[in-house]
Amino acid sequence: MPDSILYTEECFVVLQEDQPEQFLSLEELQEKLKGILLSHQEDLPPDLAKFANIQEQVQHLIDTACEFHVGSGQYLQWYVTRLEK
82 MPDSILYTEE CFVVLQEDQP EQFLSLEELQ EKLKGILLSH QEDLPPDLAK
132 FANIQEQVQH LIDTACEFHV GSGQYLQWYV TRLEK
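Anchor point for the sequence shown: position 47 equals 128 in the working numbering, and the numbering is continuous, going up by one each time.
The set of hints was computed from the structure by calculation and includes no laboratory data.
Take these hints with a grain of salt, some might be off.
Listed next, the in silico SDA-like pairs over lysine to any residue satisfying Cα-Cα at most 20 Å (straight line) [unchecked claim]:
1) 113 - 165
2) 115 - 125
3) 115 - 127
4) 115 - 163
5) 131 - 118
6) 113 - 145
7) 113 - 134
8) 115 - 164
9) 131 - 119
10) 115 - 103
11) 113 - 96
12) 115 - 131
13) 113 - 92
14) 115 - 126
Construct all of the structure, not just a fragment, from the sequences and the given hints.
Next up, the structure:
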């Protein structure tokens with residue numbers, strides 16, 4: 082049986098064009114995605130546009146994707162990671 086720690090989302094590595102990688106908590110990633118989605122509400126893909134509010138859109142992205150195309154040649158990628166001491 083897999084260890085339950087494999088399913089925890091405590092930390093994410095976030096990649097964005099022309100920026101160094103960042104390590105964000107779940108809450109920080111949610112805030113980052115919320116800001117990006119707020120500025121792209123008029124051109125959201127259909128799978129995100131069907132949700133009634135921004136929080137549902139953010140949660141859907143975190144649950145089902147690891148990338149959001151922000152614009153031409155721009156992207157935001159995130160991956161769950163574990164930091165060990």
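Cross-check of the supplied hints:
| no. | hint | result |
| --- | --- | --- |
| 1 | 113 - 165 | 24 Å, violated |
| 2 | 115 - 125 | 13 Å, holds |
| 3 | 115 - 127 | 17 Å, holds |
| 4 | 115 - 163 | 23 Å, violated |
| 5 | 131 - 118 | 13 Å, holds |
| 6 | 113 - 145 | 17 Å, holds |
| 7 | 113 - 134 | 16 Å, holds |
| 8 | 115 - 164 | 24 Å, violated |
| 9 | 131 - 119 | 15 Å, holds |
| 10 | 115 - 103 | 17 Å, holds |
| 11 | 113 - 96 | 12 Å, holds |
| 12 | 115 - 131 | 16 Å, holds |
| 13 | 113 - 92 | 14 Å, holds |
| 14 | 115 - 126 | 15 Å, holds |
In terms of the numbered hints stated before, the structure departs from hints 1, 4 and 8, listed from lowest to highest.
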